[in-house]
Structures are given as C-alpha cells and as structure tokens.
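J.: Residue numbers (this note's numbering), protein chains in the order written: chain X, 1 to 333; chain V, 1 to 398.
You may find that some hints are simply not true.
[To be verified] Label-pair ranges, simulated between beta-carbon atoms:
(1) X/LYS292 / V/ASP256: 18 to 26 Å
(2) X/ALA110 / V/VAL257: 26 to 34 Å
(3) X/PRO329 / V/ALA65: 40 to 48 Å
[To be verified] Straight-line Cα separation of at most 27 Å, BS3-like style, residue types lysine-lysine; simulated pairs:
(4) V/LYS73 / X/LYS330
(5) V/LYS212 / V/LYS190
(6) V/LYS73 / V/LYS106
(7) V/LYS212 / X/LYS50
(8) X/LYS330 / X/LYS50
(9) X/LYS187 / V/LYS73
(10) V/LYS85 / V/LYS73
(11) V/LYS73 / V/LYS92
(12) X/LYS330 / V/LYS84
(13) X/LYS117 / X/LYS292
(14) V/LYS190 / V/LYS220
(15) X/LYS46 / V/LYS220
(16) V/LYS214 / X/LYS46
(17) X/LYS32 / X/LYS46
(18) V/LYS84 / V/LYS73
(19) X/LYS292 / X/LYS187
(20) V/LYS220 / V/LYS296
(21) X/LYS187 / V/LYS85
(22) V/LYS131 / V/LYS106
(23) V/LYS296 / X/LYS330
(24) V/LYS220 / X/LYS50
(25) X/LYS50 / V/LYS214
(26) V/LYS190 / X/LYS187
(27) X/LYS292 / V/LYS190
(28) X/LYS330 / V/LYS220
(29) V/LYS212 / V/LYS296
FYI, nobody ran anything at the bench for these hints, they're computed from the structure.
Think of the CB as a built atom: it goes at the ideal place given N, C-alpha and C, for glycine as much as any other residue.
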Amino acid sequence: MENSIRDIDSAIYHNVEDLFTVVGESEESIEKLSSAPYSYWRETFKQLFKRPLVIVCIALLVIILFFTIFGPIMNYHPIVADPAHGVISAEQFDANLPWNATNWFGTGGANMGYFTKLDLWSCVWVGTRLSLVLGTVVALIDTALGILVGSLWGYFRRLDPILIELRNFVNNVPSLLLYFLLMQFLKPSFWVIVFLLCMFGWLGLAGFIRNQIIIIRNREYNIASQTLGSSPKAMITHNLLPYLVSVIVTVVSTAIPEAISSEVGLAFFGLSFSPSQGDITLGQLLTSVTEKGEWIDNPNLLVIPLIVMIPLTIAFFYVGLALADATDPKNHR
Amino acid sequence: MAVYLIGYTLIALVVLFVVFVQLVYHRVIFSNNAKIQTIFGHPLLIYSLRRIGSALISILLAIMATFFLIRFKVEANGGIEFCKKIVTNWDKMNPTIALAQCQNAKANLGITDNWFVDLVTYFYNILPFPKTICLTGYSEEVIGDTVVFMVNTSDCRNTIMYLGRAYFTTAANGQFVTDIIFSKMGVSFKIGIIAVIVEIALGYPMGILMAKHKDGVIDKVGNAYIISIDAIPGVAYYYIWMIILCTLIGLPNRYDVANPLTLLAPALTMGFTGMAGIALWVRRYMLDEFNSDYVKFARAKGLSENRIAAVHVLRNAIVPLVRSIPAAILGALLGTFYLENIYHVPGVGGLLVDANNTNDFYVLQGIIIISALISVVSYLLGDIVTAIVDPRVSFTKE
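With the hints as constraints, model all of the structure from the sequences given.
T.: Printed below as a string of structure tokens:
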C-alpha cells in the first residue's frame with residue numbers, strides 16, 4: 001500500500017523521464033511486432049490438437065484408413081467373382097471358422113447370403129473401402145450443392161417460397177418410401193446409390209446455411225458493403241461465406257459418417273449394391289449377418305463389422321465437432 | 001346414408017370455418033367486434049391455415065409423382081408383365097379370357113388406358129368426402145367362338161377416403177388399403193406410445209441435469225451418448241441395444257400378440273434413441289436461458305439454483321420443445337421401419353417393406369398419403385400446443 005502510493009506520487013511529482021531508460025533509436029524495430037503473428041489455420045490446428053480425444057480419433061481414422069488400403073494386400077482371399085482378373089469364383093472355406101492364420105477375422109457363417117463361407121478379413125476391408133469412398137463422394141456433392149443453393153437461398157429472398165415448398169415436400173414424405181419407389185426403376189450402381197444418398201442430403205444443408213445467412217445478412221458490415229455497391233457474388237463470397245467457414249467445415253466432416261450410416265440403412269432394405277457384382281459395403285456385411293439371425297448363434301460375426309464401423313463413424317463425427325469449435329475465431333487466443 | 005350425412009356436414013363445417021376465418025382476418029365481416037376479431041382473426045390461426053394449405057399442395061405433388069411412377073411400372077413391356085402378376089395361372093389360360101380378366105382386375109384397381117381420367121378418379125377417391133365404391137367381378141362363358149362376360153358379383157361399400165385395394169401384399173389380397181393401414185397402426189402405436197413416454201420421461205431430466213452440471217461428469221457422459229447416437233448407423237445401434245436388452249437382460253426378441261412383454265424391447269430401444277435428441281435440445285435451450293438477465297436477477301435475489309432451474313429456466317426453455325410433442329405422438333402411429341423389421345412387428349413399417357417387396361403400389365401410395373396427412377395434423381396441433389404453453393402467444397385480448 002505504502003509502496004504503491006509512493007509510486008503514484010513519484011509519477012505525478014517527478015519528471016516523467018526518470019521512470020524510463022532511454023535505449024536510443026532503432027530503424028529495424030519499427031517494422032517488428034512484439035506479439036506473434038496470427039495465422040487463422042495455424043491457430044485452428046493448435047486449438048484442435050489441444051484435445052487428447054481428437055488425437056485418439058485421428059489415430060483411429062489413420063489406422064482404419066491404413067487397413068482399408070493395405071488390409072486386402074496383406075492377406076487377400078478372393079471374395080468377388082472377377083473374370084477380368086482370372087478369378088472365376090470367390091474362394092470358399094468352411095462356414096464360421098474362428099480367427100486363424102489363414103482367415104484373420106474368421107469366415108462367414110452358413111446363412112449369410114453372399115458372404116457365406118467367405119474370408120471376413122478381405123470382406124471387411126474391401127467393404128470399408130467402398131463405404132468410405134461412397135461417404136466421401138456423397139459428402140462432397142452434398143456440401144457443394146448445399147453451400148451453393150443455401151447461399152443463394154439465404155441471399156435472394158425471392159427464392160424462399162420455392163425452396164421452402166421443396167423442403168416441406170421432402171419433410172412430408174418419408175424418404176425411404178421414395179427410395180423404394182425409385183429403386184423400382186433404377187438398377188443399383190455406384191452413381192445410382194450416390195444419387196439416392198444425395199437426393200435429400202443437400203437440401204437439409206442448404207436450409208441450414210440459409211438460416212445462418214439470414215441471421216448475418218443484415219449486420220452493419222453487410223449493409224455498408226451493399227450500400228457501397230458490392231455485387232451479390234462479392235457479397236456472398238467475401239462477406240457471408242467466410243463467416244460460415246466453421247459451420248461448413250463441421251458439416252462436411254459430419255456428412256461423411258452420415259452418408260455411411262445412410263448406406264447401411266439402404267442395405268438393410270436391400271436397396272444398396274448387389275454384392276455379387278463385386279460391390280461390397282459395410283452395410284451389406286451387417287445386413288447379411290442379421291438378415292437370417294445368424295448373429296444370435298455366432299455373435300462374433302456381428303461384432304467384426306461393428307468393430308470397424310463404430311470407431312470409424314464416431315471418430316469422424318467427433319473430429320467434426322471439435323473442428324467446429326477450433327475453426328471458430330471467437331475461440332482463438 | 002349416415003356416412004354421407006356426417007361426411008358432408010363435416011366438410012361443410014371445415015369449409016365454412018376457413019372462409020369465416022379469412023373474412024374476419026381481412027376485416028370484411030365483424031370488423032368492429034373485438035372478441036371475434038381476437039379469436040378468429042388471430043395471426044397464429046391464419047399462419048397455421050397457410051401452413052396446412054402449403055402442406056396440402058406438397059401432398060398433392062407427392063401423390064402425382066408417385067402416381068406416374070407407378071403407371072410407368074404398370075405399363076412396362078406393354079403391360080404383360082403386370083398382367084402375369086395379377087392374373088393367377090396366366091400361362092395356362094385361354095389368352096382372350098386371360099386378357100379380359102386382366103382388364104377387369106386393372107379396372108378394379110383404377111387402371112384404364114386413359115391416364116388423365118385415372119388421375120382424376122384417384123383424386124376423387126382420396127378426397128375425404130363420402131362416396132360409394134363398387135368392385136365388379138365377371139364370370140366368363142365361352143359360347144361358340146365368342147366369350148360372353150356376365151356380371152356376377154358386385155362388392156359395394158360406403159367409404160370416406162378410398163386409397164385403393166391391396167393386390168399383392170401377403171394375406172391381405174383384395175382388402176381396402178385404408179383397412180390394412182389402420183389395423184397395422186394399432187400395433188405400431190402400442191410400441192410408439194411407450195417409446196414416446198420413455199423418451200419424454202428420460203430425455204427431459206437428462207437435458208436438465210446436463211445443463212445444470214455443465215462441463216461436469218454428467219454433461220460429458222450425456223454428450224458422449226448423444227454423439228454416439230448421432231454417429232453410429234441406426235441399424236448397428238439397434239442391434240447393440242438388442243444384444244443388451246434381449247441377450248443380456250433376457251427380454252423376448254420376437255413380437256407376439258399374446259405377450260405384451262415383447263413390446264418392451266423395441267419400445268425401449270426407440271425411447272433410448274429419441275431421448276438423446278430431446279436431451280440435446282433441452283440442454284441447449286436451458287443454457288441459453290441461464291445466461292439471460294432475469295436468471296441473474298433471480299440469483300441476485302437469493303433464490304436457490306434448483307428453484308431457478310425448475311421454475312424460471314425450464315418454463316421458458318420448454319416452449320420451443322413442446323411443439324414437437326404432438327408430432328412425436330402422431331408419428332408413433334407410423335412406427336419405425338427398422339425396428340419393426342428387426343423385431344418382426346406386424347406394423348406399418350413392416351407393411352411398407354412387404355408392400356415394396358411384392359410391388360403393391362397402392363399400399364405404398366396409401367402410406368405416403370396417410371403419413372403426409374399425419375404430418376399436416378401435427379403441424380396444426382403443434383401450433384395449438386405452443387399457443388397454450390407460451391403466454392406470449394395468446395388467443396385472448398392483450
């Protein structure tokens with residue numbers, strides 16, 4: 001107390017120059033900033049890797065990705081009839097073998113449809129690969145369409161009634177029913193499944209972006225920009241979308257597990273690929289185990305696809321949520 | 001006759017009500033009567049009616065789209081494929097007779113050569129006003145070279161909404177689609193209503209606890225649960241619950257009419273899933289309210305945290321949530337596609353899959369119409385419930 005009063009006294013009554021030491025002039029130091037330079041993405045990654053769970057999740061994703069690429073190379077038993085590569089039929093083993101030196105995940109049970117007596121190690125990793133590719137493609141298309149339509153929808157008010165009607169239509173009709181009706185006419189192939197999964201996904205995303213844009217559309221900086229004569233394109237790309245980076249990044253990373261889940265749903269009703277043509281997904285593996293109740297007697301057959309599917313989807317989802325926080329500049333510093 | 005009387009009275013009342021509300025709102029009549037203005041000219045009422053109107057338009061579009069999809073399927077390959085399915089012993093029959101039988105069966109399903117007439121007929125049939133639907137049956141006699149058809153049966157029935165008949169669905173041949181769907185709804189509803197009760201009874205307390213202990217252990221466990229439900233594919237997730245409920249706890253895993261205990265496993269699974277969504281939103285809305293000034297004021301006055309949470313925060317946080325309760329209860333009528341298939345429940349979800357596997361288009365279309373109607377009614381009920389719960393939206397004079 002005494003000290004601080006004396007300090008104040010000295011600051012008031014003594015010459016100001018007594019309080020400082022003069023170090024002289026320096027041309028170089030004019031250009032220097034005393035605080036560390038700020039980089040948006042560096043700060044984002046710093047925030048992201050602060051969480052130990054994120055590192056665990058990314059490690060899980062890397063492990064799964066490693067096996068989807070190298071798993072079939074390490075120990076492959078033909079599971080697909082593939083005349084182009086000289087394989088006439090899939091290699092069959094005894095039904096429901098436990099894991100062993102030849103079949104690292106064991107073999108399929110007796111009532112597993114296409115997967116009966118096949119090597120599960122190959123099935124799981126080939127299936128994961130297609131599921132992942134499908135999920136990524138669907139997520140990219142959904143996001144691109146969703147951002148494009150959503151930003152136009154939010155910015156141009158005239159589009160509102162049309163797109164709201166479209167959204168009402170989609171909400172009023174169960175999507176599974178429309179899938180059923182459409183699959184009466186379409187033959188399942190990669191792009192058909194992508195089309196089915198994208199059909200409604202982009203609309204939800206577009207609606208979300210629209211709501212966000214409506215919230216920030218009338219902020220002062222946007223009104224100022226508009227008054228100064230910015231074009232709609234510049235308004236959307238320079239003023240509105242950069243504000244939504246964190247939202248968009250989150251949506252992309254959660255769209256991948258959502259697409260994988262949707263494919264599992266399609267496979268459950270037999271609307272997905274036909275495995276006999278070489279397109280195997282995790283969804284079909286899961287469906288084949290559960291379809292005829294094979295898993296009740298041999299629960300390990302259910303556990304094997306789940307052991308890959310659950311960490312994969314949860315890791316993607318969690319990293320997505322963590323990215324949402326990390327990409328928000330309000331949380332930086 | 002009674003059907004006609006009641007039906008037309010109801011339609012007249014609804015039309016009168018809508019016209020009356022519009023007239024009052026635009027102040028054509030009763031512009032000076034304050035009481036009638038506040039009740040019937042209320043903006044919320046007009047808003048609800050508009051929403052229902054726009055929903056009806058989208059139902060109309062859905063019906064037309066499915067109608068044409070179905071017709072393309074029926075007419076594929078010159079209609080022969082379809083005839084083969086619908087006429088038993090097609091190959092063994094005299095071609096003329098077989099074709100005539102096929103035409104008859106098609107006519108009973110409302111399929112003629114003129115698509116436009118069929119569409120109009122279909123709309124006439126599904127519009128909810130009383131009508132008599134007759135099916136005709138023929139017996140054919142071969143006299144010399146010509147085939148003579150005799151009308152020998154006619155099955156007539158008074159109905160309000162005619163959605164066509166099932167013709168392929170197992171064990172339901174020739175039944176009215178409305179009858180099948182309504183009987184299946186009973187089964188779905190039993191499971192769905194238990195699920196809704198579980199969902200509400202557990203979801204709200206979970207959300208409240210998570211909000212009260214933000215960043216605590218309960219919040220973290222709850223968030224992990226919500227994330228895992230969002231992330232794990234539904235089918236995989238249902239099987240995990242099946243392992244827990246049926247294999248470990250020992251609940252029966254196959255639906256049986258006689259044993260109500262069999263309802264429990266699917267209902268609990270559905271409830272535990274829906275609970276996560278409710279908890280997520282309860283938590284979010286409550287945290288928003290916790291930051292508001294009136295809560296700080298209540299705290300400054302010295303009220304206990306429990307009282308603030310229960311009386312001040314929850315009441316406000318609950319307003320946006322109650323809107324979804326009617327939708328949840330009515331949605332229970334439609335059941336869930338996955339769970340009903342997993343547990344072999346003969347509900348609407350099972351019917352949908354059955355109808356798809358057997359190409360029974362009228363059942364598919366019927367489910368679309370019924371589910372769309374349900375969503376329209378839930379809009380209206382949701383608006384009404386919000387008006388009741390939220391004192392800021394009120395039907396009385398300000």
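J.: A separate judgement is required for each hint: does it hold in the structure or not?
T.: Hints versus structure:
1. X/LYS292 / V/ASP256: 18 to 26 Å: For V/ASP256 against X/LYS292, whose Cβ atoms are near 20 Å apart, the range 18 to 26 Å holds.
2. X/ALA110 / V/VAL257: 26 to 34 Å: holds, 31 Å
3. X/PRO329 / V/ALA65: 40 to 48 Å: Once the Cβ atoms are compared, 44 Å apart, the range 40 to 48 Å for V/ALA65 and X/PRO329 holds.
4. V/LYS73 / X/LYS330: At roughly 55 Å apart (the allowed maximum being 27 Å), X/LYS330 and V/LYS73 break the hint.
5. V/LYS212 / V/LYS190: violated, 34 Å
6. V/LYS73 / V/LYS106: holds, 13 Å
7. V/LYS212 / X/LYS50: holds, 26 Å
8. X/LYS330 / X/LYS50: Measuring from Cα to Cα gives roughly 16 Å; hence the hint holds.
9. X/LYS187 / V/LYS73: Satisfied, since the Cα-Cα distance of roughly 14 Å is no more than 27 Å.
10. V/LYS85 / V/LYS73: holds, 12 Å
11. V/LYS73 / V/LYS92: At roughly 24 Å apart (the allowed maximum being 27 Å), V/LYS92 and V/LYS73 satisfy the hint.
12. X/LYS330 / V/LYS84: Measuring from Cα to Cα gives roughly 67 Å; hence the hint is violated.
13. X/LYS117 / X/LYS292: holds, 15 Å
14. V/LYS190 / V/LYS220: Given pair V/LYS190, V/LYS220 is violated - Cα atoms ~33 Å apart, limit 27 Å.
15. X/LYS46 / V/LYS220: Judged against 27 Å, a Cα distance of about 22 Å means the pair holds.
16. V/LYS214 / X/LYS46: holds, 24 Å
17. X/LYS32 / X/LYS46: Judged against 27 Å, a Cα distance of about 24 Å means the pair holds.
18. V/LYS84 / V/LYS73: Roughly 13 Å separates the two Cα atoms, so the pair holds.
19. X/LYS292 / X/LYS187: holds, 24 Å
20. V/LYS220 / V/LYS296: This hinted pair holds, its Cα atoms lying about 25 Å apart.
21. X/LYS187 / V/LYS85: Answer holds: X/LYS187 to V/LYS85 is near 21 Å, not above 27 Å.
22. V/LYS131 / V/LYS106: holds, 20 Å
23. V/LYS296 / X/LYS330: Distance ~24 Å between V/LYS296 and X/LYS330 Cα, so the pair holds.
24. V/LYS220 / X/LYS50: Within the cut-off at roughly 17 Å; holds.
25. X/LYS50 / V/LYS214: holds, 20 Å
26. V/LYS190 / X/LYS187: Status violated; Cα separation ~37 Å.
27. X/LYS292 / V/LYS190: Distance ~26 Å between X/LYS292 and V/LYS190 Cα, so the pair holds.
28. X/LYS330 / V/LYS220: Judged against 27 Å, a Cα distance of about 22 Å means the pair holds.
29. V/LYS212 / V/LYS296: Between V/LYS212 and V/LYS296 the Cα gap is close to 15 Å, so the pair holds against 27 Å.
The structure shown violates the earlier hints numbered 4, 5, 12, 14, 26.
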